[in-house]
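Colleague: Now for the letters of each chain:
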Amino acid sequence: MFSEWQNKTWQRVKRLWKRSQLDRDLEEEVAFHLDMREEKNRHMGIDVEEARYAARRQFGNATNFKERSHDMWTFKTFEEFLQDLRHSARLLRYKPTFTAVAILTLAVGIGSSTAVFSIVNSALLRALPYRQEQRVVMIWETKPREGRDHNVVSPANFIYWKEHSTAFEQMAAFFDDTSTLTEGGDPEEIPSQGISTNFFSLLGISPILGRDFSSDEGKPGHNHEVLLSYGLWKRRFGADRSVVGKVIRLDGESFLVVGVMPPGITLFSPQGSLTGKAAQLWWPYGWKEQDGNPRGRWMTAVGRLKPSVSLAEAQAEMDGFVASLTKMYPDFETGWGVNLVPVHQDLSSAIRPTLLLLLGAVGFVLLIACANVSNLILSRASAREREIAVRSALGAGRWRIARQLLTESLLLALLGGALGILGARWTISAVVLLIPKDLHVSSIQMDWHMAVFATVVSVMTGLAFGLTPAFDAARTNLTEALREGGRSETGIRGQRLRSVFAIAQISLSLMLLAGAGLLQRSFVKLSSVDPGFTSKNVLTLRVSLPSTKYSKPNQYIDFFQQLLEQVRGLPGVRAATIDNSFPLTGMTPGTDFDIAGKPSPARGAEPLTQVQLVGSDFFRTMQISLLKGRTFSDQEETAESHVVVVSESLARQYFPGEDPLGQKIRIDMKDHNDFSQIIGVVADVKRDGLDKIPVPMSYWPQAELPFSSMMLAVRTDSDPLARVSAIRDIVHRMDPDLPLSDIATMDQSLGESVARQQFGAVLVTIFAGIALFLAAIGIYGVVSHTVSLRSREFGIRMALGAKGGDVWSLVFRHGFALAGIGVLLGVVATLALTPLLRGLLFGVSSHDPETIVIVAAFLMAVTLAACLIPAYRATRVDPIVALRYD
Amino acid sequence: MKEKRENPGELLQGTLDLLILKALARGAMHGYGVAEWIHQTSEDVLKVEEGALYPALHRLELRGLLSAEWGISDNNRRAKFYSLTAAGRKRLAHETEFWRRMSGAVARILQTA
Numbered sequence: 000m001f002s003e004w005q006n007k008t009w010q011r012v013k014r015l016w017k018r019s020q021l022d023r024d025l026e027e028e029v030a031f032h033l034d035m036r037e038e039k040n041r042h043m044g045i046d047v048e049e050a051r052y053a054a055r056r057q058f059g060n061a062t063n064f065k066e067r068s069h070d071m072w073t074f075k076t077f078e079e080f081l082q083d084l085r086h087s088a089r090l091l092r093y094k095p096t097f098t099a100v101a102i103l104t105l106a107v108g109i110g111s112s113t114a115v116f117s118i119v120n121s122a123l124l125r126a127l128p129y130r131q132e133q134r135v136v137m138i139w140e141t142k143p144r145e146g147r148d149h150n151v152v153s154p155a156n157f158i159y160w161k162e163h164s165t166a167f168e169q170m171a172a173f174f175d176d177t178s179t180l181t182e183g184g185d186p187e188e189i190p191s192q193g194i195s196t197n198f199f200s201l202l203g204i205s206p207i208l209g210r211d212f213s214s215d216e217g218k219p220g221h222n223h224e225v226l227l228s229y230g231l232w233k234r235r236f237g238a239d240r241s242v243v244g245k246v247i248r249l250d251g252e253s254f255l256v257v258g259v260m261p262p263g264i265t266l267f268s269p270q271g272s273l274t275g276k277a278a279q280l281w282w283p284y285g286w287k288e289q290d291g292n293p294r295g296r297w298m299t300a301v302g303r304l305k306p307s308v309s310l311a312e313a314q315a316e317m318d319g320f321v322a323s324l325t326k327m328y329p330d331f332e333t334g335w336g337v338n339l340v341p342v343h344q345d346l347s348s349a350i351r352p353t354l355l356l357l358l359g360a361v362g363f364v365l366l367i368a369c370a371n372v373s374n375l376i377l378s379r380a381s382a383r384e385r386e387i388a389v390r391s392a393l394g395a396g397r398w399r400i401a402r403q404l405l406t407e408s409l410l411l412a413l414l415g416g417a418l419g420i421l422g423a424r425w426t427i428s429a430v431v432l433l434i435p436k437d438l439h440v441s442s443i444q445m446d447w448h449m450a451v452f453a454t455v456v457s458v459m460t461g462l463a464f465g466l467t468p469a470f471d472a473a474r475t476n477l478t479e480a481l482r483e484g485g486r487s488e489t490g491i492r493g494q495r496l497r498s499v500f501a502i503a504q505i506s507l508s509l510m511l512l513a514g515a516g517l518l519q520r521s522f523v524k525l526s527s528v529d530p531g532f533t534s535k536n537v538l539t540l541r542v543s544l545p546s547t548k549y550s551k552p553n554q555y556i557d558f559f560q561q562l563l564e565q566v567r568g569l570p571g572v573r574a575a576t577i578d579n580s581f582p583l584t585g586m587t588p589g590t591d592f593d594i595a596g597k598p599s600p601a602r603g604a605e606p607l608t609q610v611q612l613v614g615s616d617f618f619r620t621m622q623i624s625l626l627k628g629r630t631f632s633d634q635e636e637t638a639e640s641h642v643v644v645v646s647e648s649l650a651r652q653y654f655p656g657e658d659p660l661g662q663k664i665r666i667d668m669k670d671h672n673d674f675s676q677i678i679g680v681v682a683d684v685k686r687d688g689l690d691k692i693p694v695p696m697s698y699w700p701q702a703e704l705p706f707s708s709m710m711l712a713v714r715t716d717s718d719p720l721a722r723v724s725a726i727r728d729i730v731h732r733m734d735p736d737l738p739l740s741d742i743a744t745m746d747q748s749l750g751e752s753v754a755r756q757q758f759g760a761v762l763v764t765i766f767a768g769i770a771l772f773l774a775a776i777g778i779y780g781v782v783s784h785t786v787s788l789r790s791r792e793f794g795i796r797m798a799l800g801a802k803g804g805d806v807w808s809l810v811f812r813h814g815f816a817l818a819g820i821g822v823l824l825g826v827v828a829t830l831a832l833t834p835l836l837r838g839l840l841f842g843v844s845s846h847d848p849e850t851i852v853i854v855a856a857f858l859m860a861v862t863l864a865a866c867l868i869p870a871y872r873a874t875r876v877d878p879i880v881a882l883r884y885d
Numbered sequence: 000m001k002e003k004r005e006n007p008g009e010l011l012q013g014t015l016d017l018l019i020l021k022a023l024a025r026g027a028m029h030g031y032g033v034a035e036w037i038h039q040t041s042e043d044v045l046k047v048e049e050g051a052l053y054p055a056l057h058r059l060e061l062r063g064l065l066s067a068e069w070g071i072s073d074n075n076r077r078a079k080f081y082s083l084t085a086a087g088r089k090r091l092a093h094e095t096e097f098w099r100r101m102s103g104a105v106a107r108i109l110q111t112a
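Quick note, the sequences are listed as chains F and H, same order.
Numbering of the first sequence is given in numbering that gives the first Met the number 0, commencing with residue 0 and proceeding in unit increments.
Numbering of the second sequence is given in numbering that gives the first Met the number 0, commencing with residue 0 and proceeding in unit increments.
Keep in mind that the hints were calculated from the coordinates and are not lab data.
Note that this is a predicted model, so its numbers are computed, not measured.
One or more hints might be untrue.
[To be verified] List of simulated lysine to any residue pairs, SDA-like, C-alpha gap at most 25 angstroms:
| hint | chain 1 | residue 1 | chain 2 | residue 2 |
| --- | --- | --- | --- | --- |
| 1 | F | Lys7 | H | Trp69 |
| 2 | F | Lys7 | H | Arg88 |
| 3 | F | Lys65 | H | Glu60 |
| 4 | F | Lys7 | H | Glu35 |
| 5 | F | Lys7 | H | Phe80 |
| 6 | F | Lys17 | H | Gly63 |
| 7 | F | Lys65 | H | Met28 |
| 8 | F | Lys65 | H | Trp69 |
| 9 | F | Lys13 | H | Thr14 |
| 10 | F | Lys39 | H | Thr84 |
| 11 | F | Lys7 | H | Gly26 |
| 12 | F | Lys65 | F | Arg85 |
| 13 | F | Lys65 | H | Glu35 |
| 14 | H | Lys89 | F | Gly59 |
| 15 | H | Lys21 | F | Met71 |
| 16 | F | Lys13 | H | Trp69 |
| 17 | F | Lys142 | F | Asp318 |
| 18 | F | Lys65 | H | Leu109 |
| 19 | F | Lys17 | H | Phe80 |
| 20 | F | Lys39 | H | Arg88 |
| 21 | H | Lys21 | F | Gly59 |
| 22 | F | Lys7 | H | Glu68 |
| 23 | F | Lys17 | H | Ile71 |
| 24 | H | Lys89 | F | Thr8 |
| 25 | F | Lys305 | F | Ser241 |
| 26 | F | Lys39 | H | Phe80 |
| 27 | F | Lys65 | H | Glu96 |
| 28 | F | Lys39 | H | Gly63 |
| 29 | F | Lys13 | H | Phe80 |
| 30 | H | Lys89 | F | Trp9 |
| 31 | F | Lys548 | H | Ala27 |
| 32 | H | Lys21 | F | Ser347 |
| 33 | F | Lys65 | H | Gly63 |
| 34 | F | Lys13 | H | Glu68 |
| 35 | F | Lys7 | H | Lys21 |
| 36 | F | Lys65 | H | Phe80 |
| 37 | F | Lys13 | H | Ala27 |
| 38 | F | Lys65 | H | Arg99 |
| 39 | F | Lys75 | F | Thr8 |
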């Protein structure tokens, strides 16, 4: 009956704007009928008065018929809904406190959970842009003895795996590097990746412009092609499509641009990165003959599993290769293994614990918000019992009443949800700013599913608890409910339920507060760790010399010596030095060594040391204390003289009870290794992070193994960043094509190294604060509702001689009982849950009694503070008024 | 929400609709006229609360079986006149046929008893 339905709707729409005319017409039609009947009745001889009544009698209930006709011409259900909406809006306006609290609570719950879920979704759950990414796995080497399970791989091993593997469809290797770009702007050091030519075809990504590398690119003489990232293409080349096919200058050499890649596809694994930065351009790695020799581990490997092969099967195959390789190269391979990690898990592993923590925290906030909304609606429902009883006495059906309540909740939900979504937007952009750089979370999109989910959940819980008493009121004894001052069974039941909610809120807040407290304490402990050097007023930056212009080690040494000399001459500079990598800013190379005059240790158990190439002024500039012996002379800095300074932990670990000075060690770092004499022992430096135990360290003077890319460290009198432009000028005067990169102060680097812990601690504290606030509102609501229910009782008590203090203590006893039970349950739950935080804590036990006691006491105090206003109100009850009220 | 059921003892809705359609088959008429016609032709056998006529008229108008127009009555008053539309005429024929067969069937059943 589509046409009939259409006809009806059209008829109704036509009358939508003529409501008053519709009613006038109905009125007139009925009046006409009554008049005609009355006239006829009179004609039949009935007297005037009686004729009118008879006409009315014959007609029946005119109002009813008019209403039915009216309803027919209108969209009845919809209009009732509008009516309900208006009514609800009016009710909400009349109770501004209730409304504000309910909407705010909803907004906070919905907003925070949506924001955090959006972040988690973007960072952890969203699929990577790779074809069938579940089959893409990272291949790491492991050294279980040193607890390393994400070690970069050796090219020789990679070549062997690639040749022999049947589990993988393809394997590709890559490594992070930097390339100096002199095209299209100031010289700039661009993070880049050297890749196997099959790298992108393995990932299943095609260029948006131009072509991928072909398989013979990368062979000697053919490795001067480059692929640009989308971002670099836009930023440095103005998104010019004709850049493909052009030749650009990189590190002083010519490279042919063959293509541009789509945005957001960079495969960046912090654990394998030598630069700590996501690549913006790619060039084919030219494999060399000597890559087949088992020496050094520095590549990152990725593979695509065959469809029929499981991860476990591939791992078993790799374990087999490890066994064969160990037989082939016992010196190199003993003690090593292989670890396959699905790419998605690998890339999100750094941020996962923090985000899961936040998800947990925000889940608690949502629960508390739900409890609060339920609480509010419950108290409203019991306060409105009489209203509902009146409405049902006047003939409102139960469904009609439920619809009214549903509309109210819907209105609250819409307002709270809208505000919450605004809040979520804001929160997401704020959190994005807070997310530590090393977590590499790029774009975060608002998750609408979560927004809707959170809204529905919070409203439904509210409704579930709000509707029951309403239904009870509609069903149960009307006379009882209507009677002035009657206190029904449901009111008391509701009150009990509300106490349960308040207790739950207190417990949940306590858990959150305890978590926040532990994380804060842990962060404070971490920040106060002595890094082993003085970070204040130190500027660091990197200068990289292109191999085209600077090919001989002597050129490196000369360049950096001249640079240092000029920098030291700048006003406000106290000391300056060079170093191949600074603490907390990247990976530090590490290797085996052996000690002269000591038996060689078992294979796979060789002594290990990290190695640093430094200038002679390094220890003075960084203010690392010299414990024994001396540091390098200026002459040792520039001419290879086989001397080494070692760290305290190296001395302690490998020369226990001996004098390390004068001992000789041979560090396996170069093609040909000489013994170096230990001339000094310096304090340990927390290179790999303030929460890490320092690995034994050997410092070589720069001349021992000159690098073309060095960090410059400058200690200044005041703000170190003020010296950057002067240093830039010096470098420019020496070579206009050289970029400065990684400009930072040591304090900034130090801050960034603990940014993740700070991020977690700050956010959890914010959520705990929100939870505490919501819980305080909840407690306040319950206690003040009880006070209003008991006001007559208080009046009588006071009439019988109770003092204000007695009433105070009555109210507080109630609050105290709620708080006590809540805190007790909260502490038990906290003790059960905080062990989950263990991995995120530093120097603090997950059951840290101090934190838990302080948090519990704080929560008790807040709870009792929330009782203050209701208690004050209780003492102000005028006995006369309270008694007269009924 | 469902439309409210007529009170027991009132005419079946379908019957009332049929009566209205039949009444208007002779030409346009206002509500009072329809009521009078039903009284007269059914010899007051079918007791109708006269007011019930109006929701029925409006329902039929809404369904497009009737059209309505305001006009002037015999005694010079403004009144709403209803008349059958084409759809209304078709429905009347259909319903008449149905009732004819129905009453025939009922009559046969009663005879055999």
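Colleague: Between F/Lys7 and H/Trp69, is the straight-line Cα distance small enough, at 25 angstroms or below?
Modeller: holds (20 angstroms)
Colleague: When you check the alpha-carbon spacing of F/Lys7 and H/Phe80, does it fall within 25 angstroms?
Modeller: Holds. F/Lys7 to H/Phe80 sits at ~20 angstroms (cutoff 25 angstroms).
Colleague: Just to be careful, I want the Cα atoms of F/Lys39 and H/Arg88 compared with a cutoff of 25 angstroms; is the pair within it?
Modeller: violated (31 angstroms)
Colleague: Take a quick look at whether F/Lys65 and H/Glu35 sit within 25 angstroms of each other, Cα to Cα.
Modeller: Answer holds: F/Lys65 to H/Glu35 is near 20 angstroms, not above 25 angstroms.
Colleague: Are F/Lys13 and H/Phe80 close enough, with their CA atoms no more than 25 angstroms apart?
Modeller: holds (19 angstroms)
Colleague: Taking 25 angstroms as the top limit, are the C-alpha atoms of F/Lys7 and H/Gly26 close enough?
Modeller: holds (24 angstroms)
Colleague: Are the Cα positions of F/Lys39 and H/Thr84 separated by 25 angstroms at most?
Modeller: Not OK: F/Lys39 and H/Thr84 at ~30 angstroms, beyond 25 angstroms, violated.
Colleague: Verify the proposed pairing of H/Lys89 with F/Trp9, using a straight-line Cα cut of 25 angstroms.
Modeller: holds (22 angstroms)
Colleague: Starting from H/Lys21, check that the Cα of F/Ser347 is at most 25 angstroms away, please.
Modeller: violated (79 angstroms)
Colleague: F/Lys75 and F/Thr8: Cα distance at most 25 angstroms?
Modeller: holds (12 angstroms)
Colleague: For F/Lys305 and F/Ser241, compute the direct alpha-carbon distance and say whether it is at most 25 angstroms.
Modeller: violated (38 angstroms)
Colleague: Going straight from one Cα to the other, do F/Lys7 and H/Glu35 come out at no more than 25 angstroms?
Modeller: Distance ~28 angstroms between F/Lys7 and H/Glu35 Cα, so the pair is violated.
Consistency with the previously given hints fails for numbers 4, 9, 10, 14, 18, 20, 25, 27, 28, 31, 32 and 38, ordered from lowest to highest.
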